[in-house]
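Q: What follows is each chain in one-letter form.
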Amino acid sequence: MTALPDKTDRKLGLVIDLDTCVGCHACVISCKGWNTENYGAPLSDQDAYGAAPSGTFLNRVHSYEVQPLATSDKVQPPAQLIHFPKSCLHCDDAPCVTVCPTGASYKRVEDGIVLVNESDCIGCGLCAWACPYGAREKDEAEGVMKKCTLCVDRIYNENLEEIDRVPTCVRTCPSGARHFGDLADPDSHVSRLTAERGGMDLMPEMGTRPVNKYLPPRPKDALPEIDVLAPYLAPVDDAPGGFLGWLDKTLEKL
Amino acid sequence: MPHKQPTLNLSPKVSDEVRKTTCYMCACRCGINVHMKGGKVAYIEGNRDHPVNKGVLCAKGSAGIMQHNAPARLRAPLKRVGPRGSGEFEEISWDEALDIATGWLAPIRRDNPEKLAFFTGRDQSQSFTSFWAQNFGTPNYAAHGGFCSVNMAAAGIYTMGGAFWEFGQPDWDHTKLFMLFGVAEDHDSNPIKMGIGKIKARGARVIGVNPIRTGYNAVADDWVGITPGTDGLFIMALIHCLMKAGKIDLDYLARFTNAPCLVNSDEKSPEYGLLLRDPDGKELVIDRNTGKPAPFDQKGVRPDLAATHRAAGVTHRPVMHLMAERYLSDDHAPEAVADRTGISAARIRAIASELARVAFDEAFELDHAWTDFRGEHHTKMTGRPVSFHAMRGISAHANGFQTCRALHVLQIILGTVEVPGGFRFKPPYPKPATAHPKPHCQATCNGPLDGPHLGFVQGPEDLALKPDGTAARIDKAFTWDNPMSAHGLMHMVISNAHAGDPYKIDTLFMYMANMAWNSSMNTRGVIDMLTDTDESGDYVIPRIIYSDAYSSEMVAYADLILPDTTYLERHDCISLLDRPICEADAAADAIRWPVVEPDRDVRGFQSVLCDLGARLDLPGFVTEAGDQKYADYADYIINHERRPGIGPLAGWRTGEQGLTAGRGAPNASQIDNYIENGGFFVEHIPKGANYYKPWNMAYQDWAVGMGLFDKPLPYLFSLYVEPMRRFQLAAEGHGDRQPPDHLRERIRRTMDPLPIWYDPSGDNRAEEYPITALTQRPMAMYHSWGSQNAWLRQLHGHNPLYLPPNLMRDNGLKDGDWATVTSPHGEITVPVLEMAALNPNTVWTWNAIGKRKGAWALDKDAPEATKGFLLNHLIHELLPPKGDGLRWANSDPITGQAAWFDLKVRIAKAAPQNQSKPVMKPIKSPVGQGPDNLAWKVGK
Amino acid sequence: MHPAPSVIIFTTFSGLGFGLLAWLGLGFPDVTGWSAFAFFTIAYVCAVGGLMASAFHLGRPERALKAFTQWRTSWLSREAVTSVAALLVMGVYAIGTIFFDKALPLVGVIGAALSLLTVFTTSMIYAQLKTVPRWHTALTPVMFLALAIAGGALLAGEVTTAAVLLALAGVVVMATWLHGDGAFARSGTTLATATGLGSIGTPRAFEPPHTGTNYLLREFVFVVGRKHGTKLRIIAFTLAIALPVILLLVPFSHWLAAVAVLSHVAGVLVTRWLFFAQAEHVVGLYYGKR
Ligand SMILES: Nc1nc2c(c(=O)[nH]1)N[C@H]1C(S)=C(S)[C@@H](COP(=O)(O)OP(=O)(O)OC[C@H]3O[C@@H](n4cnc5c(=O)[nH]c(N)nc54)[C@H](O)[C@@H]3O)O[C@H]1N2
Ligand SMILES: Nc1nc2c(c(=O)[nH]1)N[C@H]1C(S)=C(S)[C@@H](COP(=O)(O)OP(=O)(O)OC[C@H]3O[C@@H](n4cnc5c(=O)[nH]c(N)nc54)[C@H](O)[C@@H]3O)O[C@H]1N2
Ligand code: SF4
Ligand code: SF4
Ligand code: SF4
Ligand code: SF4
Ligand code: SF4
Ligand SMILES: [Mo]
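In order, the protein sequence lines correspond to chains A, B and C.
Numbering of the first sequence is given in our numbering, commencing with residue 1 and proceeding in unit increments.
Numbering of the second sequence is given in our numbering, commencing with residue 1001 and proceeding in unit increments.
Numbering of the third sequence is given in our numbering, commencing with residue 2001 and proceeding in unit increments.
Mixed in with the good hints there might be a few duds.
[What the hints assert, rightly or not] The calculated DSSO-like cross-link candidates involving lysine-lysine, where the alpha carbons are at most 30 angstroms apart (straight line), are:
| id | chain 1 | residue 1 | chain 2 | residue 2 |
| --- | --- | --- | --- | --- |
| 1 | B | 1292 | A | 253 |
| 2 | B | 1504 | B | 1079 |
| 3 | C | 2130 | B | 1004 |
| 4 | B | 1882 | B | 1917 |
| 5 | B | 1504 | B | 1882 |
| 6 | A | 74 | B | 1176 |
| 7 | C | 2289 | B | 1917 |
| 8 | B | 1282 | A | 249 |
| 9 | C | 2227 | C | 2289 |
| 10 | B | 1054 | B | 1282 |
| 11 | A | 249 | B | 1299 |
| 12 | B | 1268 | B | 1282 |
| 13 | B | 1013 | B | 1054 |
| 14 | C | 2289 | B | 1867 |
| 15 | B | 1814 | C | 2102 |
| 16 | A | 7 | B | 1004 |
| 17 | C | 2130 | A | 7 |
| 18 | B | 1176 | A | 253 |
| 19 | A | 249 | B | 1013 |
| 20 | B | 1504 | A | 74 |
| 21 | C | 2130 | B | 1909 |
| 22 | B | 1504 | B | 1921 |
| 23 | B | 1909 | C | 2289 |
| 24 | A | 253 | B | 1004 |
| 25 | B | 1282 | A | 253 |
| 26 | C | 2231 | B | 1814 |
| 27 | C | 2289 | B | 1814 |
| 28 | A | 253 | B | 1299 |
| 29 | A | 249 | B | 1921 |
| 30 | B | 1079 | B | 1924 |
Since the hints were derived computationally from the structure, they do not count as laboratory data.
Generate coordinates for the entire structure from the input sequences, incorporating the hints supplied.
A: What follows is the structure, given as structure tokens:
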């Protein structure tokens, strides 16, 4: 139903570590693979081998360059590159749900997952218009709205080993940049990570209150270039041939 | 209104069955779970139990289903009917195909086996293909290592008895500072990502040295945007700083390296620069206990790093002296290299300090007792938590061998190889260069070659030269041009065969190498060579046999195509005899098996070689009765023995009491055993044996037990690589095998036994072409194959050239403009985009995205073929002519490594284009074009 | 936003149709019989035709009925409900005037209110979207209503009223444009807030996730050149407002009135094209397209 539940029992979601994501797209393709074969209609591709291929994906990895501001000791800090995976953030205040005219879009009470009930969806696209994050894509072949399901058909799936009951993108991420858990539980691994690393919301001004959090990149290029480390490089002996002399002396002590 | 929601089936059936095999989309070779529904592949995920990937899978691996079902798959053997390059073929039967091949190859073997050149590209069965070639008797075999990263492999093996590649790995669990040189992706794709993830989770520091800040370098805490080709200078400046400050591990250097070994220092001696040895050939060191020379490995010997020694009137100085002399020189001070490397002196010092701080202040101990090769017992293992990894960014330059060597010297002086927290080898490494075979090139008609083709030369006597001094091999590997070319020179094969230099060949037989496109330097030129005809109208390279699984560009240039299966349809083994998938803590190997049967008239190439080998009567492929020895590759995998008890697979062999690991007789159900175990085999190295492996007797004994070698092989790391000195001596006029005069000076200069740096940019006319142009591997694409994959090609469908802001500005360019890129060799016109996190003198693009129109079952207007492009059009296999009439290869003069990254260019704005240039004629697709729309679902 | 013909046609014609229905419901023009039939036909063709056009926008038009269920929360659902209610109520009114010569004033007023409510609900589909700052303003419903009422008056042949209302609508349209041009910047949503990377420095989109296009780019990232936009605005304003007003001010003729109507419709179509084409969805930020 289109009304949002007053409250969900849990808030399942992803925490994505921007300090660690290497931009490999593994999560993108694994997601495509699982969700093509599972929940709802397959994620189709148009002009698959042609001049303008285009397909439905529930997770895409962007990349951004950031030019840090100059500081007193870094006049021209080097630009940074950040890989940025993005899928549905399973917002608490999901505008995509309330705009839906059919009730196809809904947020689950038990875990907060935002889903599309494909058999009710008329493919009007309004929910995608309402989502600030570009997390919904209408499938051209099926004519219905597609979005990240948080792998709802994996995370409780009794046909999978317990350890595998996580979203496929999390399971596959080689660098461990994706974390899955209950963000309503302050003691969960994901809540602790968010607290420790300053996990942030995307577009907080939209008032969507996303469940997914992003861990910001740690400060970069911070290796001090000045004297802090100088003692480590004090020459052993400045005299000509000093090194060999030092070698001799030091070897004595070994 | 009350909240209502549908009831979902939260536990849908995932699949009917899971079949566990090994991925093939790169040389990482991860374990995969192939989920089957109704006999079809439904979903592929990583195998959690697998030692390589532990459950994770990269984009290519997850897209395996699209690879396996690609419309570009070849369907039957093909015989060329149109001219080469047209793509016109006729489908023929396997019988006919094998008859044709036999008809071409049998006379060659009878009359002159060197007329066959058999080269393999992305081959994961090199120990098998080389065995076939050896039995055929041609000296002309190699895989792709020569254009790939032989500098890295050879430098590692000559220096430390093991290399980066996938042959070693940082101690991810303990390292606190990880420094990465010139890596975009590498072969160990998933393990590197897992490792970086692990150390980042711990908050340890990663330093990335790379002109381009993407991928691993983007997540690095510190990025050193070095000027391409200058890493050697940077590394030697670090060595300078560390030595000067005494921040080197003297104990380690004295015990485990040749730093204390004595070097003949008499310039007039014919042995000048060689190591002093005892009559058994053991290197001598001065024993601090006695002050007298002693073989390095004797019980109780305490090698002296400082003492010199006079013997027979000749002064011998320890290697350590030579190193001090060289690296303490002001030439190697940070200030001296800052400009050329583009790294400030302060930054170089900061990094040197950090290396010193972490290596020595953060040293730690593990409570593992161990005994070294001198019999000395240690109660603990000292850890130095600094680790390094490097790949083609430093090795694919013409100074790459020496740069890789320099990096190993840096690792070694910090005492951080094979120690906790440092860099560790994976079995069957460590293994010194001397324990590898030497190259063999003696062909006899109708007989096998005299030994394995590839190996590690120890001096001029091991070169692959004919009695008249000319090259014995078509690629001129192991000649004075590139004496230590341990992997051959695949990139020179077509060029040399076309030029008839050193000789002409009859048949070029290739497997899995897209030489008419992205794996060639000088793509256009190679296409011309493949299609060139002589006066009588015959092709200059008369016959080409090629095995591919897909409709690649190269297919169009062959006369006979032997279509391979996809990786899910065949048997394979990932063998310890080959490029293994081991871990630093374990030996491991794996198989592939047909999780689905092919639905086309295709055959696994290795099985085809078993058949062809028997038809040609090759000794290893027929029984004594003259029948086919191995019915197929699976039969070979199970029953072949390289040495008694040692076969392609180490797991589940037949021992005296039941099944055993390592050594043992063949076991008929070995492949079933592998399948039951998830497709792989692992044997862990016992605790206490898993560090200090080159010197650790417990490891040595374990390795002998596993059959990795036949007797313990402890050795010293070679800071000083004596075989190089032997080549220098020859160039100086010593010995009876002498280099041609035009190479003397270069050999003397480049083959320095201690790492040096020289500048290859002059040879590439950097004064006129000042910008370096690079390629990087996209993590989600594998060379040319990715584009036929409907999912992956959406990620990288075309490739812009990335320029730094200064070059954009200087050339009046903005995003989306087109530019002409010119090298001494050619010109391309391509779309450009700006990138700030880039060295100011470097431009780059993704590798192998550009495609030939008509290939890969793609529309001829596919973006890969219209906007995509290759830098390969700008790269030549030869250096720009020097005016001496000689053909100078664009390769490292020591190893022959293709110098892809020495490419120098000029850039100018071009008018807007609708296609990248050069525009090449479409080839006719032997498989048609893929379907328009996909809505892939196997179940339901 | 992608200016899909279906939504442009839908909003333009349903606006006109419901605008005309509103006037008819209020008794302007006070017609019966055949002339009522003519007016109602025009109104119903516009309104129903517009609604049907909107179905082309659906991926699954055969399930369109499901869109009536979520009126408590969804403006689109409300639009469906009110439009049908308006059409039904006005149908009763129309039957009265056409066949029984009898206007039912109460029904007419209710029908008129429902008609305007329909236009309002349509406008709220857009105005509710925070993701499109240009639309997320009270001016959006005002603009939709102003054009519907003025256009309705024009179709209803209320010459003087139409002229005045068109002029007023012109002011509103201008105001939406002027307001809209700064809306994205004022919304405070930037690539920095979208990525959270603003604390490091200035972010810039580097590689897009896929080299090809996708649904999001097709649907949300449509860029109209500034010059082109201005030109179209002049055309739109001339056709929708200026020309009809002038034509209404000169002495009345059916021909001129017909030209005024056609011009207005064409003009509104262009304003609607601009309404979509110039609307910047925040998702474009992620693609470096803002
Ligand atoms: N500019 C530039 N060029 C480069 C490089 C660079 O860095 N820059 N790198 C170089 C390096 S290091 C390398 S290793 C080469 C790689 O270049 P190649 O070794 O040529 O690699 P691929 O392009 O993958 O071509 C391998 C061929 O194997 C085929 N193939 C795939 N699967 C199978 C199979 O199962 N069976 C068979 N029989 N065939 C199969 C593919 O269809 C393809 O035609 O490129 C080199 N080229
Ligand atoms: N996904 C994927 N994985 C692959 C492959 C693939 O095609 N796709 N190919 C496989 C093969 S055959 C190979 S050989 C490996 C190669 O794996 P890599 O060694 O990672 O090779 P490249 O992608 O060529 O990246 C070379 C890197 O070196 C940097 N570089 C270039 N010149 C210099 C320099 O002078 N100094 C420094 N410090 N850096 C420099 C480049 O910027 C680039 O980042 O990858 C293997 N793995
Ligand atoms: S991210 Fe978008 S689709 Fe997902 S819940 Fe939030 S608004 Fe809805
Ligand atoms: S597209 Fe489907 S899910 Fe989205 S708003 Fe329309 S009906 Fe609801
Ligand atoms: S949670 Fe599942 S559906 Fe969502 S992005 Fe990850 S893999 Fe895709
Ligand atoms: S799989 Fe992990 S590292 Fe790779 S792009 Fe996705 S989040 Fe980033
Ligand atoms: S890294 Fe990727 S492509 Fe390579 S073997 Fe592993 S899963 Fe396959
Ligand atoms: Mo390679």
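Q: Quick one, are residue 1282/B and residue 249/A close enough, alpha carbons at most 30 angstroms?
A: holds, 28 angstroms
Q: Keeping to a limit of 30 angstroms between CA atoms, is the pair of residue 1054/B and residue 1282/B held or broken?
A: It is violated: about 43 angstroms lies between the C-alpha atoms, which goes past 30 angstroms.
Q: Is residue 2130/C close enough to residue 1004/B, meaning Cα to Cα at most 30 angstroms?
A: With a Cα-Cα distance of about 26 angstroms, the restraint between residue 2130/C and residue 1004/B holds, given a limit of 30 angstroms.
Q: Within 30 angstroms, alpha carbon to alpha carbon, are residue 1909/B and residue 2289/C?
A: holds, 24 angstroms
Q: Is it true that the CA of residue 1292/B sits at most 30 angstroms from the CA of residue 253/A?
A: Holds - the C-alpha atoms of residue 253/A and residue 1292/B are around 19 angstroms apart, at most 30 angstroms.
Q: Is the Cα-Cα distance between residue 7/A and residue 1004/B 30 angstroms or less?
A: Holds: residue 7/A and residue 1004/B sit about 13 angstroms apart, inside 30 angstroms.
Q: For residue 1504/B and residue 1882/B, compute the direct alpha-carbon distance and say whether it is at most 30 angstroms.
A: holds, 25 angstroms
Q: Need the status of pair residue 1176/B, residue 253/A: alpha-carbon distance at most 30 angstroms?
A: holds, 28 angstroms
Q: Are the Cα positions of residue 249/A and residue 1013/B separated by 30 angstroms at most?
A: violated, 72 angstroms
Q: Does residue 1079/B lie within 30 angstroms of residue 1504/B when you go C-alpha to C-alpha?
A: Holds. Residue 1504/B to residue 1079/B sits at ~23 angstroms (cutoff 30 angstroms).
Q: Given the hinted pair residue 1504/B and residue 74/A, is their Cα-Cα distance within 30 angstroms?
A: violated, 60 angstroms
Q: For the pair we were handed, residue 249/A and residue 1921/B, check the Cα-Cα distance against 30 angstroms.
A: Judged against 30 angstroms, a Cα distance of about 72 angstroms means the pair is violated.
When the structure is compared with the earlier hints, violations turn up for hints 10, 15, 19, 20, 21, 24 and 29 and for no others.
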